[in-house]
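So you can see what is in the structure, the chains are spelled out below.
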Amino acid sequence: MELRKSYFADVRKDDLHEIGQPRPRSDSPGHVTGKTAYFADHNFPGMLHLKMVRSPHHHARIRSIDTSEAEKHPGVVRVLTARDVPHNVYTILILIQIGPEDETVLADGKVRWKGEAVVAVLAETERAAQEAAAKVKVDYEVLPAVFDMEEALKPGAPIVNEYHGQNYYLYDSGECRKVRFGDVEAGFAEADHVLEQSYQSSPIEHAPTETTGCVVMPEGNDRFTCYTNTQAMFFTLDNTSIILQMPGSKLHFVGGTVGGGFGGKVDVIVEPIAILGAKLTGRPVSFIYSREEEMQISSPRAAEKVVIKDGVMKDGRIVARKVTGYTDAGAYSRHSPYGAQKGAGHYPGPYTIPNVWIDTYCVYTNRTPSSAMRGFGVTIGDFALEVQMDKLARLIGMDPLEFRFINAYRDGDMKAHRQPTEGAALIECMQEASRAANWPVAEKFMAMSSYKKGA
Amino acid sequence: MAKVPVQFTLNGSEKAEFVESGTTLLNTLRDKIGDTSPKGGCQQGTCGACSVIVDGELRLSCLTLAETCNGVAITTTSGLAEGGVLHPLQRAFLDTFATQCGFCTPGMIMAAKVLLDHTPNPSREDVVEALSGNICRCTGYEPIIQAVLTAARANSQNAA
Ligand code: FES
Ligand code: FES
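Chain order of the listed sequences is A and B.
For the first sequence, position 384 matches number 384 in the working numbering, and the numbering has no gaps at all.
For the second sequence, position 49 matches number 49 in the working numbering, and the numbering has no gaps at all.
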């Protein structure tokens, strides 16, 4: 690998000696010898297995739950319902004051998505837990459901989540996150061309090779050791502490070894209920998603819809950009209000545009709650923005890479959300890309710099 | 439930267990014997993480009943290093960064070992074919393919 020291020579320390050198990863020897301990490699005598009874409906009222047959099933030790959970209604971002609490650990009175956890069964074997779970009788009154974000935002749509009261997250800025910069309508009026396009994506499952789960060991002194593959150790510990109304000092989380996460293991889903099971039975508990649960139940990347309207001049300058983004949170917030907010800051893209208007909505539907996944909130936005950039270049008959040089942000440019650009390196990256891909651009673009305004 | 006796060798040492009829080899190795190197990624024969070698052949231990394993010789990834010296495949997986989260790695190494045992000088196509039952969500496969080819080269140099 070649290290191009000419770039940013004056702002970069010149003693970089790790880049370009192969360095062994500290965890690899464990991986290749099969010695790395994943959470499920912890196995304790007398361990109980937890299986979840899940909603077969997208949206329903629960009239009654009858666990009597399940409790009688051989091998069953304990059956848990909403009543057993000390603080059953929670939301994970409450740790950073993003409420309201809107999700139940075990469904209470209502289910809002197909697959929602209703009753937890703890048994001596996985098989007994599975068989007993099938014997739990839940009487549902099916309610109308909504699966499409635009339908959900229409007046009269079924309300997905009463804790919000409407089918969108209410930010302090109102029904959406807003960015206003310059005068976008004046920009469209002055533009040579205006192009409006909409882009849509489906939910995407992370599909880690190791499924989500944890193993909990009661330590006998009212403390609990939780072996988990969470990607968010302390975040999960703190939320568990709230849900179980138990001081964090009683919880010992062991983890950091994750068999693939990609953002799919940052929700607080398996640990609280498994620890509760261990507390109420005094036995070790294992709660491991089946492959089917991993694919159907764990949060996917949100479905998104992005509508982009751009005003562009014949010389290649984008003079106005209006973006309306919709993030499908599914039935509960989890990380989605944050994802939608990130989108609002991100949508102008790495381009300097004088007139910008952005609205991003976090919408509730009766779909599987979505959450984090690799750059959530901006990844789908980037797909939409860059396809849009290619379309704009084509519209004015310009080379798509040169078109991006013309609009690229540079140090000192004010971004639409009022952060001055610092440390931009887009120009330099594109110059290298131009060389590497053998996609030549005019000399004046190769002479540009992110922090020396020339050209 | 009635238990059945089962006896086999695991990485050269004798093992005897009583298992419930219907118990998989994967659960027997992991929960009863304590060899957790085979991983359960799907328990339904689709990911390859549970791959082990039974009498020289690659087997998905999640679809193999323990009671059918009487008298067999089983090899797992935890048994490959000899006297603390890594097997060439393990060395190559390290050197080519063929392992990220590592969850697929023991299964990949098993599949690769069966390939190299039968075909010491495989083509790239042979490697791709041999690993086609093993899913890796992290690496994009290319470093794994390179690791197997590197190990094959190392083996043939040692043999020469
Ligand atoms: S666990 Fe056996 S193939 Fe996936
Ligand atoms: S290294 Fe993570 S699944 Fe292969």
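Just so you know, these hints were derived from the structure itself, not from any lab.
Honestly, I wouldn't trust all of these hints.
[As the list claims (entries may be wrong)] Okay, derived cross-link-like pairs now, DSS-like style, lysine-lysine, Cα gap no bigger than 25 Å in a straight line:
| id | chain 1 | residue 1 | chain 2 | residue 2 |
| --- | --- | --- | --- | --- |
| 1 | A | K135 | A | K114 |
| 2 | A | K279 | A | K72 |
| 3 | A | K35 | A | K178 |
| 4 | A | K72 | B | K3 |
| 5 | A | K72 | A | K35 |
| 6 | B | K32 | A | K35 |
| 7 | A | K342 | A | K178 |
| 8 | A | K154 | A | K309 |
| 9 | B | K15 | A | K35 |
[Said to hold, decoys possible] Covered, in the sense of this in silico footprint (three residues per stretch, anywhere, with C-beta under 8 Å from a C-beta of chain B), are these stretches of chain A:
| id | region |
| --- | --- |
| 10 | 40–52 |
| 11 | 203–213 |
| 12 | 382–388 |
Beta carbons are placed, not taken as given, at the ideal position from N, Cα and C, and that holds for glycine.
So, going through the hints one by one against the coordinates:
no. : hint              : verdict
1   : K135(A) / K114(A) : holds (18 Å)
2   : K279(A) / K72(A)  : holds (21 Å)
3   : K35(A) / K178(A)  : violated (50 Å)
4   : K72(A) / K3(B)    : holds (24 Å)
5   : K72(A) / K35(A)   : violated (40 Å)
6   : K32(B) / K35(A)   : holds (17 Å)
7   : K342(A) / K178(A) : holds (11 Å)
8   : K154(A) / K309(A) : holds (22 Å)
9   : K15(B) / K35(A)   : holds (20 Å)
10  : 40–52             : holds (count 3)
11  : 203–213           : holds (count 6)
12  : 382–388           : violated (count 0)
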